[in-house]
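Q: Chains as they are written, first to last, in the UniProt record's numbering: chain D, 1 to 380; chain B, 1 to 380; chain W, 1 to 380; chain E, 1 to 380.
Hints are computed from structural coordinates only; laboratory data are not their basis.
Not one of these hints is a red herring.
The list cannot tell twin chains apart, which means a pair is met if one copy fits it or any two copies do.
When the alpha-carbon atoms are kept at most 20 Å apart in a straight line, the in silico EDC-like pairs for lysine to aspartate or glutamate are as follows: (1) Lys176 <-> Asp286; (2) Lys176 <-> Asp36; (3) Lys8 <-> Asp57; (4) Lys8 <-> Glu52; (5) Lys341 <-> Glu144; (6) Lys376 <-> Glu239; (7) Lys341 <-> Glu25; (8) Lys8 <-> Glu38.
Protein chains: 4
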Amino acid sequence: MGMVGGGKGAFIGGIHRMAAAMDGEIELVCGAFSSDPERSAQSGAMLYLEPERVYGDYRQMMSAEAALPADQRMQFVAIVTPNDLHFPVAEAALGAGFHVLSDKPATLSLAQALQLRERVRDSGLLYGLTHTYTGYPLVKEARERISRGELGKIRKVVVEYTQGWLADRQEDLGNKQASWRLNPAQAGVSSCMGDIGVHAANLAEYVSGLNITEVCADLSAFVEGRELDDDGSILLRLERGAKGVLMASQVCVGEENALSLRIYGENGGLEWRQQEPNTLWLKWADRPTEMLRTGGAYLGDLAGVNTRTPMGHPEGYLEAFANVYMAFTAQIRAHEAGSDKNLRSRDCPGIEEAVRGMNFIELAVTASGSDIKWHKFEQH
Amino acid sequence: MGMVGGGKGAFIGGIHRMAAAMDGEIELVCGAFSSDPERSAQSGAMLYLEPERVYGDYRQMMSAEAALPADQRMQFVAIVTPNDLHFPVAEAALGAGFHVLSDKPATLSLAQALQLRERVRDSGLLYGLTHTYTGYPLVKEARERISRGELGKIRKVVVEYTQGWLADRQEDLGNKQASWRLNPAQAGVSSCMGDIGVHAANLAEYVSGLNITEVCADLSAFVEGRELDDDGSILLRLERGAKGVLMASQVCVGEENALSLRIYGENGGLEWRQQEPNTLWLKWADRPTEMLRTGGAYLGDLAGVNTRTPMGHPEGYLEAFANVYMAFTAQIRAHEAGSDKNLRSRDCPGIEEAVRGMNFIELAVTASGSDIKWHKFEQH
Amino acid sequence: MGMVGGGKGAFIGGIHRMAAAMDGEIELVCGAFSSDPERSAQSGAMLYLEPERVYGDYRQMMSAEAALPADQRMQFVAIVTPNDLHFPVAEAALGAGFHVLSDKPATLSLAQALQLRERVRDSGLLYGLTHTYTGYPLVKEARERISRGELGKIRKVVVEYTQGWLADRQEDLGNKQASWRLNPAQAGVSSCMGDIGVHAANLAEYVSGLNITEVCADLSAFVEGRELDDDGSILLRLERGAKGVLMASQVCVGEENALSLRIYGENGGLEWRQQEPNTLWLKWADRPTEMLRTGGAYLGDLAGVNTRTPMGHPEGYLEAFANVYMAFTAQIRAHEAGSDKNLRSRDCPGIEEAVRGMNFIELAVTASGSDIKWHKFEQH
Amino acid sequence: MGMVGGGKGAFIGGIHRMAAAMDGEIELVCGAFSSDPERSAQSGAMLYLEPERVYGDYRQMMSAEAALPADQRMQFVAIVTPNDLHFPVAEAALGAGFHVLSDKPATLSLAQALQLRERVRDSGLLYGLTHTYTGYPLVKEARERISRGELGKIRKVVVEYTQGWLADRQEDLGNKQASWRLNPAQAGVSSCMGDIGVHAANLAEYVSGLNITEVCADLSAFVEGRELDDDGSILLRLERGAKGVLMASQVCVGEENALSLRIYGENGGLEWRQQEPNTLWLKWADRPTEMLRTGGAYLGDLAGVNTRTPMGHPEGYLEAFANVYMAFTAQIRAHEAGSDKNLRSRDCPGIEEAVRGMNFIELAVTASGSDIKWHKFEQH
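Can you make the complete structure from the sequences, with help from the hints?
A: Next up, the structure:
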């Protein structure tokens with residue numbers, strides 16, 4: 001693979017590389033790690049890349065790689081830049097004939113996401129989106145069990161994603177990520193919903209199997225001087241009469257990365273918490289709560305193929321991330337072999353999730369600014 | 001004390017009696033346990049009461065007790081009936097010169113609550129309301145710490161109270177409590193908000209020290225055929241710019257009595273969960289999360305006087321309930337001694353909480369039925 | 001009931017009184033709260049006792065109460081003194097015709113315990129011992145499930161009881177309980193094993209249904225200058241080939257009252273922790289771990305009768321203690337009615353547990369001082 | 001690196017490869033994955049190795065690789081075979097001039113371990129041992145804090161490692177790992193102590209900074225027909241007057257991989273549990289228990305360099321394993337650069353831990369079979 005963004009010092013680039021490397025199936029062969037060619041070169045050197053395949057410009061990378069013989073050029077591009085570059089880089093990659101695996105949110109706006117969907121369709125290439133949390137084995141197990149009807153008709157979905165890292169003015173304290181995430185030009189219309197709320201919405205829909213149909217939102221910028229939200233609470237309505245709550249915050253002091261999901265149906269409930277991701281709780285009306293654990297022999301096959309170690313050897317965020325890479329590369333292989341990329345075992349968020357995500361972000365901002373209570377989640 | 005309601009088979013009457021008995025300071029001397037005189041007599045006999053002080057009618061009890069010499073008659077009335085009787089019994093007790101300790105919600109409507117406040121003011125007597133959860137030592141500790149400013153200015157309040165016992169049609173299956181709680185004539189305008197949402201609202205205001213000022217509500221009756229809500233989610237705005245979320249549900253299958261509270265300020269956060277009430281979490285930006293435990297020497301004096309056993313000997317719901325009784329009887333003693341009933345150590349929910357509670361319940365129902373997003377919590 | 005010991009300031013006396021009062025079935029009618037008559041009188045006054053039934057000497061109490069008409073005198077004596085008085089007071093009470101409910105350990109030595117057993121047998125009276133932790137509903141549930149064979153043949157029993165309160169020289173800092181617990185004249189041959197190790201041994205035998213048959217012990221006095229142990233670890237062998245470990249400590253800084261029990265059989269395991277007593281874990285080879293909760297409809301009847309509040313309303317130490325009182329008074333009633341006192345619902349530790357407890361304490365001390373590895377737990 | 005053992009189907013080989021690959025610093029270049037050349041070749045092909053560097057015999061691999069130019073041959077050998085091959089393979093590797101990173105236990109016997117130490121010393125090469133659990137960032141933090149004296153003089157060390165996977169006769173059910181672990185010819189004198197007890201002993205010594213000096217052991221083979229232990233409990237004495245308990249078991253049904261460590265000093269205690277490895281508890285006499293979390297800014301630099309993701313993104317077993325690889329490769333680089341390999345940041349278990357481990361295993365077995373209580377842990 002090739003990488004755009006993720007030069008030294010950037011957090012998420014390293015995460016992608018570790019996740020990609022873990023299974024020994026993916027090799028980083030080129031990169032445009034920074035728009036500053038010197039920085040890019042330094043990063044490439046640290047990563048043992050051949051200097052001639054380290055680029056100072058992503059457009060240059062696309063054309064140079066496309067010019068290589070098919071068995072030598074990169075097969076896909078991982079995009080790990082700030083939000084504003086996701087779309088142009090993806091567009092360039094698709095244009096040059098490369099599959100794309102992109103960080104979320106997919107673009108800077110819904111309009112861009114819709115354009116991107118056109119590009120993907122036209123290109124016939126693959127597009128993956130790193131909604132990493134769907135890579136956890138027990139998240140997949142949860143989805144499977146709901147889809148099999150174990151909880152009965154779903155009534156209630158509660159999803160939370162709280163962090164505390166923006167509780168003070170980090171953007172003034174030299175925190176680079178804080179700076180761009182709170183800058184509309186780089187982040188888009190939202191900080192909190194754009195960064196983590198969109199993960200929460202995706203997780204809720206992925207596991208429940210139900211799309212959000214209406215929202216009633218109240219976003220906040222608790223820290224003075226911010227143009228974008230750093231917190232938000234949203235009442236949800238979902239398909240088939242389900243309701244829910246989505247809470248996201250970057251100012252909950254002392255919270256780390258507290259993503260959690262609870263879903264209740266007519267017959268049972270489930271609970272999963274990202275910070276202890278190897279436990280899934282199933283709750284019942286008339287029998288003891290069950291604690292399911294990663295690696296358990298009683299889990300389904302989908303959890304199984306997404307698990308690398310035996311029970312009791314905790315798997316974490318990097319393994320979940322590696323599962324996204326594993327699924328995406330399985331899709332590429334299927335694509336090349338002309339077989340079905342949509343097997344359950346190749347399940348990876350894609351362009352439809354990209355569009356829904358941007359739709360959600362813009363809707364949350366619009367709804368929050370409105371006196372009207374409910375706002376429809378229009379299908380695009 | 002005397003008791004109205006709580007005959008054999010009733011859940012909450014026994015709870016009150018155990019809580020009242022625990023400290024050896026309160027004696028049950030009379031009761032009108034049922035409107036059926038025979039049932040009342042049976043209950044009284046099981047409780048070792050003198051038969052002549054077991055009444056078949058609460059009005060009769062008020063007049064008969066009032067007629068006894070001052071040192072023999074009951075000092076206060078505990079009201080443990082279904083909601084519809086709270087107001088008439090309280091009115092009768094006050095009219096006959098007795099202090100009142102009532103189950104929540106205080107009345108069937110806000111109008112009744114306002115009338116009740118008049119009666120209390122006019123009588124010069126004491127009125128207590130069993131918002132039991134404020135009786136836990138660590139709830140008091142949480143309130144104290146916020147009030148001292150340890151968390152800084154409060155930004156966010158998240159309170160949840162979920163249960164699963166009404167996830168199916170218990171009201172058709174002979175469950176008496178289910179029957180009256182879902183019957184508007186006995187329960188008032190709400191089941192879920194009236195029974196548990198009001199506890200959550202009270203807890204949030206008690207600990208944060210901030211009143212709710214606006215709500216945006218979405219209540220549901222998930223189980224078919226119900227006239228009253230069995231679930232609800234509410235966006236909150238509170239004083240001084242704080243925001244929050246209140247979730248309550250009686251249909252979250254597998255949840256027992258999952259009341260929890262999280263509050264975040266500029267400098268720190270806290271978390272408390274009723275099902276493990278002896279732990280209070282304090283969360284900080286730059287140092288480890290702290291786990292405070294009931295009985296800890298580092299706790300304040302208010303937690304101390306509300307604790308009965310040494311650290312590590314878990315205290316539970318009955319002890320919290322006994323703390324409400326302890327505070328209320330301390331108020332009675334202060335009242336009789338002409339001293340200040342408002343000492344922190346005599347802190348017990350009263351008539352103002354009664355009015356706010358009924359206000360909250362009606363507002364939640366009104367707001368939920370409206371297309372307007374925000375509804376003001378008017379002061380009464 | 002009457003009480004010996006437990007004057008104001010004493011911790012355990014108040015606990016007994018709250019536990020006894022909770023169910024409204026037991027009335028404290030007299031007491032010898034201190035060997036100082038004035039202190040005793042003060043304590044009695046605070047407890048609203050008639051002054052003439054507050055005694056300065058326990059012998060005096062026995063004779064005075066015995067001289068009262070049968071329907072007026074106390075029915076049993078609760079002994080809450082330091083260890084050295086347990087035996088003489090029990091002996092006096094039995095001699096005067098009163099049932100005895102005693103704090104543990106039952107006596108100062110095994111020899112005394114054997115004598116006490118004779119007295120109990122000769123008197124035909126009832127003797128109960130407050131191994132409080134067996135009063136928790138889920139401890140009873142655990143015992144029932146093992147007894148029904150749910151875990152299969154038991155292989156392993158791990159019981160721990162750790163505290164930190166004696167990690168420094170509390171006995172020099174005016175801590176009264178520390179002073180007598182570390183004083184051989186008042187405490188007997190052991191501090192740690194005598195106070196808490198004996199609870200752990202009792203709990204292990206009670207739940208597993210297996211007696212300890214051999215021990216290999218290593219006791220310590222970590223804090224300089226102590227004559228008695230403040231810590232100990234013991235390898236256990238139990239009936240039917242089971243093995244185990246018992247750890248007890250009073251110097252594990254930061255531990256509160258961390259009693260826990262884990263038992264593993266051929267088919268399953270269980271775990272219970274006193275500090276969160278409303279949860280019992282069942283573990284299986286091939287299916288998810290189950291979390292059983294106090295109040296669950298799936299629990300047995302014995303757990304049920306020992307539970308006072310609905311699921312999710314936490315019960316604690318005082319309720320467990322009240323269960324011991326409840327069972328003991330049920331035995332008294334059965335005794336008086338001439339019916340069987342040994343019903344499961346009247347299950348309360350008694351004189352056999354008293355003898356085994358003293359046996360355990362002395363054996364632990366002997367074994368620890370020996371170079372021989374295994375020491376038999378002789379039957380007495 | 002090159003690998004011996006770990007062909008397809010073997011659990012631990014894949015773990016090593018993922019751990020080695022994660023940081024992009026180590027490349028697998030050759031292997032002798034099986035003694036069956038065909039199976040070895042298949043495994044090599046699946047791993048994208050050049051066919052000529054996939055060997056059917058480890059001796060052949062050593063000589064062939066040694067014959068390659070220095071910049072092309074492997075730099076070190078990872079040994080992931082059953083125990084009986086650890087020593088001969090390590091010996092061959094050292095003999096051919098390659099550093100060795102070996103699975104534990106290091107050899108089949110203490111005698112072999114002592115021989116191996118000679119070989120390592122004579123060769124001047126590096127030897128690492130995968131006591132993986134010391135690779136967790138919070139294990140390192142725990143060690144650092146104790147070493148800085150934060151807990152005061154250490155009194156008590158409790159280490160447990162329980163699993164349930166051998167609770168029934170897996171060795172008869174086609175479970176390959178069970179077969180060799182219970183076979184003395186392949187596993188050595190112990191199953192439970194040799195596989196997991198030795199990890200526990202290492203962890204206890206590593207974190208406490210205290211060597212075990214005496215043991216009193218009781219090992220068991222609970223499942224009928226086993227020649228080797230499947231469970232054991234050991235009383236420990238450590239340097240400077242500390243005492244402890246080590247429990248290990250493979251028959252605790254329902255336990256996964258429950259390694260935990262608790263250490264208490266005069267001033268504080270700590271607790272760490274491998275199944276939730278991102279939490280470290282610090283316990284104090286007079287202030288709240290603290291919950292330290294991986295990634296916390298308040299952690300030391302050693303924890304920091306062993307952490308890959310931001311706080312709240314859970315790290316797991318593979319990351320701990322990768323830390324062992326990272327430290328070992330840092331040692332190799334330092335070795336090659338002629339700089340100090342013993343920097344704290346290059347901390348990796350080595351040949352001394354190998355000798356102590358084999359010493360521990362043999363001592364545990366000897367002590368368990370003896371009627372003498374205490375057995376000295378002789379220094380070798």
